[in-house]
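Student: What follows is each chain in one-letter form.
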Amino acid sequence: MNAVRKQRLILVLLLLLGVGAAVTLMLFALQENINHYFSPAQMESGEAPTGQRVRGGGLVVPGSVERNTESLQVSFRISDGAGEVTVLYDGILPDLFVEGSGIVATGMLNKEGVFTASEVLAKHDENYMPPEVQKAIDDAHPGYSSPGSSSQELQTSARELEVQQLESLNNGG
Amino acid sequence: MMNIEQQSMRGGAACLALIRRDLTLAFRSPGQIINPMAFFLMVASLFPLGIAPDKDVLSQLAPGIIWIGALLSVLMSLDSLFKSDQDDGSLDQLLMSPHPLAMLVLAKVFSHWLTSGFCLTVMAPLLAVMLHLPGEGIFPLALTLLLGTPVLSLAGAIGAALTVRIQRGGVLLTLLSLPLYIPVLIFATGAVNAAAQGLPWNGHLLWLCVFLLSGLCLAPLAIAGALRVVSE
Amino acid sequence: MMNIEQQSMRGGAACLALIRRDLTLAFRSPGQIINPMAFFLMVASLFPLGIAPDKDVLSQLAPGIIWIGALLSVLMSLDSLFKSDQDDGSLDQLLMSPHPLAMLVLAKVFSHWLTSGFCLTVMAPLLAVMLHLPGEGIFPLALTLLLGTPVLSLAGAIGAALTVRIQRGGVLLTLLSLPLYIPVLIFATGAVNAAAQGLPWNGHLLWLCVFLLSGLCLAPLAIAGALRVVSE
Amino acid sequence: MLFHNLSFQLSPGDVLQIEGRNGAGKTTLLRIIAGLSSHARGDIFWNDLPLSSVYADFRLASFFLGHKPGVKMDLSPLENMHWRLQLKNIQPVESVLFAALGQVGLYGYEDIPCSHLSAGQLRRVTFACLIASKAKLWILDEPFTAIDIDGVAWLESLIDEHATNGGMVLITSHQPLSDHKGNLRKLKLEDFAGDALEVFDDEY
Amino acid sequence: MLFHNLSFQLSPGDVLQIEGRNGAGKTTLLRIIAGLSSHARGDIFWNDLPLSSVYADFRLASFFLGHKPGVKMDLSPLENMHWRLQLKNIQPVESVLFAALGQVGLYGYEDIPCSHLSAGQLRRVTFACLIASKAKLWILDEPFTAIDIDGVAWLESLIDEHATNGGMVLITSHQPLSDHKGNLRKLKLEDFAGDALEVFDDEY
Amino acid sequence: MMKWTFFHKLGSPKWFYDISGKWLPWLQITSLLSLVVALIWGLAFTPPDYLQGNSYRIIFIHVPASFLAQAIYMMMATAAAVLLIWRIKLADMALKVMAPIGASFCILSLATGAIWGQPTWGTWWVWDARLTSMLILLFLYIGIIALRGAIQTSEVAAKACAILSLVGVVNIPIIKYSVNWWNTLHQGATLKLTEKPSMAPEMLWPLLLAILGFYLFFTLVMFLRLRVEILSREKKTRWVKALVGE
Ligand code: HEM
Ligand SMILES: Nc1ncnc2c1ncn2[C@@H]1O[C@H](COP(=O)(O)OP(=O)(O)OP(=O)(O)O)[C@@H](O)[C@H]1O
Ligand SMILES: Nc1ncnc2c1ncn2[C@@H]1O[C@H](COP(=O)(O)OP(=O)(O)OP(=O)(O)O)[C@@H](O)[C@H]1O
Ligand SMILES: [Mg+2]
Ligand SMILES: [Mg+2]
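Protein chains in written order, with numbering that gives the first Met the number 0: chain Z, 0 to 172; chain B, 0 to 231; chain C, 0 to 231; chain H, 0 to 203; chain L, 0 to 203; chain U, 0 to 245.
Pulled out of the complex, with its shape left as it was, chain Z reads as follows (with noise of 0.2 Å):
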């Protein structure tokens, strides 16, 4: 072989390998946590950090939520259906939070368990449909959880249990 074709065979090799390592290490990369984000079950069983700002996120328990009269101060509890944990925040939440939604916030977790917000967001899932069919099937499938929804337990388990709770608290009207 021509000793400029070699070196180029060489070169390519050499190329392919890395491309090879890159992907493989991506593929390990996609499995860790990187953002922090910790379920209330998570929190609950401390594996959560103490002291740290974290990411967590759940359900707004219904009926958990109690506002100061003086302040914005609210305090709730987010659940996933596994676990629960009670969060404390100091100004305005936004127009989504409603108790059965899912948010996401951003605080520290305390050695009580206590999760103290610096910033409440209101998360949504995929799902887009009119109230009325919302509410059809809901009445038809309790357990329900929508055609296809995405892979996070989160949200699955979120639908789940927004669904109990409905009708915990038709039961208990």
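It is worth saying that the hints were derived from the structure and are not from the lab.
Idealized CB from N, CA, C, for every residue including glycine.
Any given hint could turn out to be false.
[To be verified] Dumping the calculated DMTMM-like pairs for lysine to aspartate or glutamate here, alpha-carbon to alpha-carbon at most 20 Å:
(1) Z:Lys5 to H:Asp56
(2) L:Lys133 to L:Asp159
(3) H:Lys67 to C:Glu135
(4) B:Lys54 to C:Asp55
(5) L:Lys135 to L:Asp159
(6) L:Lys67 to B:Asp87
(7) U:Lys175 to Z:Asp89
(8) C:Lys54 to B:Asp55
(9) U:Lys234 to U:Asp17
(10) H:Lys67 to B:Asp86
(11) U:Lys191 to U:Glu201
(12) L:Lys187 to H:Asp56
(13) C:Lys54 to C:Glu135
(14) L:Lys135 to L:Glu160
(15) H:Lys135 to B:Asp87
(16) C:Lys54 to Z:Asp89
(17) U:Lys195 to Z:Asp124
(18) L:Lys187 to L:Glu18
(19) H:Lys133 to B:Asp91
(20) C:Lys54 to Z:Asp124
(21) L:Lys133 to L:Glu155
(22) L:Lys67 to B:Asp86
(23) H:Lys187 to L:Asp149
(24) L:Lys185 to H:Asp149
(25) L:Lys185 to L:Asp149
(26) C:Lys54 to U:Glu228
[Unchecked claim] Examples of chain L residues toward chain H, derived with CB under 8 Å:
(27) His66
(28) Lys67
(29) Ser114
(30) Ser117
(31) Ala118
(32) Glu141
(33) Ala145
(34) Asp149
(35) Gly150
(36) His173
(37) Leu176
[What the hints assert, rightly or not] Derived Cβ-Cβ restraints for the label pairs, each shown as a range:
(38) B:Leu22 to H:Asp190: 29 to 39 Å
(39) Z:Leu16 to H:Leu48: 23 to 33 Å
(40) H:Glu189 to C:Arg227: 39 to 49 Å
Got chain Z; can you put chains B, C, H, L and U with the ligands on it based on the hints?
Tutor: Chains B, C, H, L and U with the ligands only, in chain Z's frame:
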């Protein structure tokens, strides 16, 4: 006159010669090595001046400030990476070399990194202490810089190659490089912040490794292509 | 051949021609005007990325970030102020002009300011909103930029003149200029911070005026001297 | 379109001088041939193979000297020769380098930074590289620029010698080349001229 | 020390060619005279006054053409002439500019950016400035660089004419200047040579 | 390179000019029609969302704009590859005219997203992965436009921009999959290729129509710009002179 078939290709020797040349040049006008470091130091000290000099706030901002300082410092030194070669005609000689251009530019980028990113990495712990970064954050900071600054050099070199013929290309270079720099910045500061808070940070680190590897493989090709195209 | 004694000196015309030339150059490669602005925008958006993106913190840091962004942006565009002239030999022609060099460089600095500092001033309010600067701070911010950026151009031009013969002078320029920039930065951010908090800020503003006036008077002499000395 | 229908062939021993007024396209032509510019249509062959497929071989065997010297100002002539030759796949040998530097009249300047050399001396450094490079094809764009009278005569004899040894030279120059060995051919670009204000549209 | 004990005088109508091998110090000498370099001891007089006291007058009446063209690549030849002349205290008049550009053979290139010009055309732009500048003293450092044969002849006649009209020319060139009017003097720098490796130590 | 002559003919500006001239009226009608119908349908006649109420209606602009911003970048990258491999002039012209259009859609997506974010999330902007990568896309667009402006020789500018476009492609999968890879505030995909969309049909249809309308509108704008570009670049050729002379 030797027959080409019989000649062996000394690509490695050419790369070494290029690295040696660039390092000699850097050491001959010592400003080149000291300057990025001094710039780094100054950016880091501008912030406490321009922003409230509160110790707690500062220690929270520290990873960001240091990384932004490093980023800008690398960016500024990148401007002349190929332009100085273009100005004196060495670039034409590089392009006329029988060795693969991608290999040669990789050598050039490496020596650029040695004189900028590497020095910054060595210096960073000092700044970290100056800016009250918590002790746990210092090692991760150095590590992210070690993995991240080569990516900055590689990605920036693409921009430098594209702007080599442009008169006042410095700012355009910034514009072209920043999109590629932002992910590095985010993951690196993410890692340091996580580490400073005692959270796991290997996810960020893995991403930086991915960037580095893919940069090492793909950037030289883009740089070489850009140089060939732009040299008219 | 005209007799020299009879000729009137058209210094003003020469300055105008120089300004016109530099502005034409700037407009011809439109990047030159857009780029500092884009750089400014990017620096301003790097911070939220690198630093905790908390709204309250951000609004406190906003004046500092914007001013540091403007400072770096001016600094980066200064590098080529005289170097581009040196590279193509125009600088020799400038030095060979019968008009006072100080006047000519003032013209050059003015057109530099028009294409950098002035544009930044116009753009700053937008960034201020992006970074959640309280409304009361916006006018003072623009005013300090209007008064401060010419000082940055003037002071930086001294450094640019001193480093004009140095190959990779960009970073050295930074080193030389920053000491002169720091007072401007401190007073300007001080003014904006004070205004944002509803405190009086005319003291800071007066200092900025002092800097500007003394810069206008003294810097051209220093720049002209530096150019004469450095051009061997 | 600067020129069209231009075609020529170089064989070992040939010296081809490309002539033309200022702006005729000499530099452009040389840069296209050297592969430094691609604003042209047409084919270039090297050893009967299309150039684009054997660029590395071509570059290995050729040397390009342009308007700019390609020399680092902060390095000494010796150091400059080092990297230039390594890039050309040649292992620099000290004695060869010194011989080449002596030949171009830079004896005693080996270790002075090139920024302290005069315009002519700077160009002589590249000639030293040229000599030491052992390239087969020399592509020289106005090599006589800034060279003094003795230097011009020496350079002419160098080119002659190279051709006699089976090398090829492609040269542009405004000075008439003296043709001692009868291997000089001339190519007048004006004969192939297109409209100079419209550039690079057609094949050459 | 490049040269010492060197002294000469120029009167209207004189053309002084400074000769010397590469590195003899021609460029250095011209830059010293133009006031662009001050690494020398000795006195220069302009109209019998020490140069340092009448720099403005001297600059008003002289034109320096160095190795670099002093032309902005992004501007057209016409625009370049504009600012160059204004700097020289001359009000540019369109017709004069066009005439000068025509004289140097750049007719039709007035509005093309200079970055699109060839090496020789670029130098011709500075000659257009030279012509339009009406300077008395011309300081030309290797003006023939990159100029084609016709151009060289034209430039020689231009210099001749300038001298005949009472101008003064200080020129360095490796090409022998043809002396039509008998006003050419030559100055061999070798005659005043110091040791070229040690620079600028003594008066010249 | 004989086998590519057919391909080159496809990329000939004159051929494109003729064909696009025929398509223009159709494009005008269909894009206008679908856009108007989709927007009126979406904004006025679809039912409100069970959770978001009426604020979700901005979806009919946000989603098509977001899709297009990315799609145009991919088209630019394709054009760039074509330009670099086959040196087809038309690819460069397309590259040039698409960049500003793509940037506009990108700005539109960012703006509508920010407007939408205020009522739903409670903030205009968060630095989450989807949003940040979208901002990077905008920077890439700006960079490409600026680079073209800065290089004077058009052929060089073309290839330089092509390389830059190719480099930036890494960003596209990041935008696309950021919501799956990282737990972001931005929702996941509603429209899925492999599964049934998680959207009620009476909302889905106007959305699909809006997407179609945006694509048609983009094609229309691109064709118009491309035709102008072709004329200005080919103004020296015989066919353009003949065309203009008419
Ligand atoms: C500035 C903020 C925002 C940006 C930059 C942004 C960006 C994007 C992008 C790039 C896409 C295309 C995703 C893809 O190709 O798969 C997209 C889709 C979408 N966005 Fe946003 N978005 C923003 C805010 C929002 C908000 C506030 C909402 C509503 C809560 C929203 C709802 C959607 C929906 C429903 C889709 C369609 C998802 C799909 O079917 O793939 N976006 N957005
Ligand atoms: N900046 C410098 N520092 C020190 N020495 C220098 C410097 N520039 C030039 N020299 C030395 O001065 C001498 C004269 O240089 P100069 O450029 O004046 O020569 P020249 O006569 O113009 O030569 P040429 O014909 O090659 O242009 C050279 O030997 C060179 O080594
Ligand atoms: N970058 C460019 N873009 C467009 N046109 C150019 C460019 N560079 C050169 N030209 C044009 O190409 C023509 C040939 O230029 P070239 O440099 O090849 O001439 P040359 O024969 O080398 O002239 P010289 O003897 O002056 O060196 C010139 O007329 C010039 O206007
Ligand atoms: Mg030429
Ligand atoms: Mg000289």
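Student: Confirm or reject each hint.
Tutor: Hint by hint, here is what the structure shows:
1. Z:Lys5 to H:Asp56: holds (13 Å)
2. L:Lys133 to L:Asp159: Satisfied, since the Cα-Cα distance of roughly 15 Å is no more than 20 Å.
3. H:Lys67 to C:Glu135: violated (56 Å)
4. B:Lys54 to C:Asp55: Since the Cα atoms of Lys54 (chain B) and Asp55 (chain C) sit roughly 17 Å apart, the hinted pair holds (cutoff 20 Å).
5. L:Lys135 to L:Asp159: holds (13 Å)
6. L:Lys67 to B:Asp87: holds (13 Å)
7. U:Lys175 to Z:Asp89: violated (34 Å)
8. C:Lys54 to B:Asp55: Roughly 17 Å separates the two Cα atoms, so the pair holds.
9. U:Lys234 to U:Asp17: It holds: about 15 Å lies between the C-alpha atoms, which stays within 20 Å.
10. H:Lys67 to B:Asp86: This hinted pair holds, its Cα atoms lying about 8 Å apart.
11. U:Lys191 to U:Glu201: holds (17 Å)
12. L:Lys187 to H:Asp56: violated (47 Å)
13. C:Lys54 to C:Glu135: Cα-Cα ~17 Å, so holds.
14. L:Lys135 to L:Glu160: With a Cα-Cα distance of about 12 Å, the restraint between Lys135 (chain L) and Glu160 (chain L) holds, given a limit of 20 Å.
15. H:Lys135 to B:Asp87: With Cα atoms ~24 Å apart, Lys135 (chain H) and Asp87 (chain B) exceed 20 Å; violated.
16. C:Lys54 to Z:Asp89: Since the Cα atoms of Lys54 (chain C) and Asp89 (chain Z) sit roughly 14 Å apart, the hinted pair holds (cutoff 20 Å).
17. U:Lys195 to Z:Asp124: holds (15 Å)
18. L:Lys187 to L:Glu18: holds (5 Å)
19. H:Lys133 to B:Asp91: holds (18 Å)
20. C:Lys54 to Z:Asp124: Status violated; Cα separation ~25 Å.
21. L:Lys133 to L:Glu155: holds (17 Å)
22. L:Lys67 to B:Asp86: Holds: Lys67 (chain L) and Asp86 (chain B) sit about 13 Å apart, inside 20 Å.
23. H:Lys187 to L:Asp149: Between Lys187 (chain H) and Asp149 (chain L) the Cα gap is close to 15 Å, so the pair holds against 20 Å.
24. L:Lys185 to H:Asp149: Since the Cα atoms of Lys185 (chain L) and Asp149 (chain H) sit roughly 18 Å apart, the hinted pair holds (cutoff 20 Å).
25. L:Lys185 to L:Asp149: Given pair Lys185 (chain L), Asp149 (chain L) is violated - Cα atoms ~24 Å apart, limit 20 Å.
26. C:Lys54 to U:Glu228: Violated, because 45 Å separates the two Cα atoms, which is more than 20 Å.
27. His66: Cβ of His66 (chain L) sits 6 Å from chain H, so the hint holds.
28. Lys67: Because about 11 Å separates Lys67 (chain L) from the closest Cβ in chain H, which is outside the 8 Å limit, the hint is violated.
29. Ser114: violated (12 Å)
30. Ser117: For Ser117 (chain L), the interface hint holds, since the closest Cβ of chain H sits about 4 Å away, which is under 8 Å.
31. Ala118: Since the shortest Cβ distance to chain H is 6 Å, the answer is holds.
32. Glu141: Status holds, d = 6 Å.
33. Ala145: Given a least distance of 6 Å, the restraint on Ala145 (chain L) holds.
34. Asp149: Given a least distance of 7 Å, the restraint on Asp149 (chain L) holds.
35. Gly150: holds (6 Å)
36. His173: Holds. Min distance 5 Å.
37. Leu176: With a closest approach of 12 Å, the Leu176 (chain L) hint is violated.
38. B:Leu22 to H:Asp190: 29 to 39 Å: Hint violated: Cβ distance 50 Å, outside 29 to 39 Å.
39. Z:Leu16 to H:Leu48: 23 to 33 Å: holds (31 Å)
40. H:Glu189 to C:Arg227: 39 to 49 Å: holds (46 Å)
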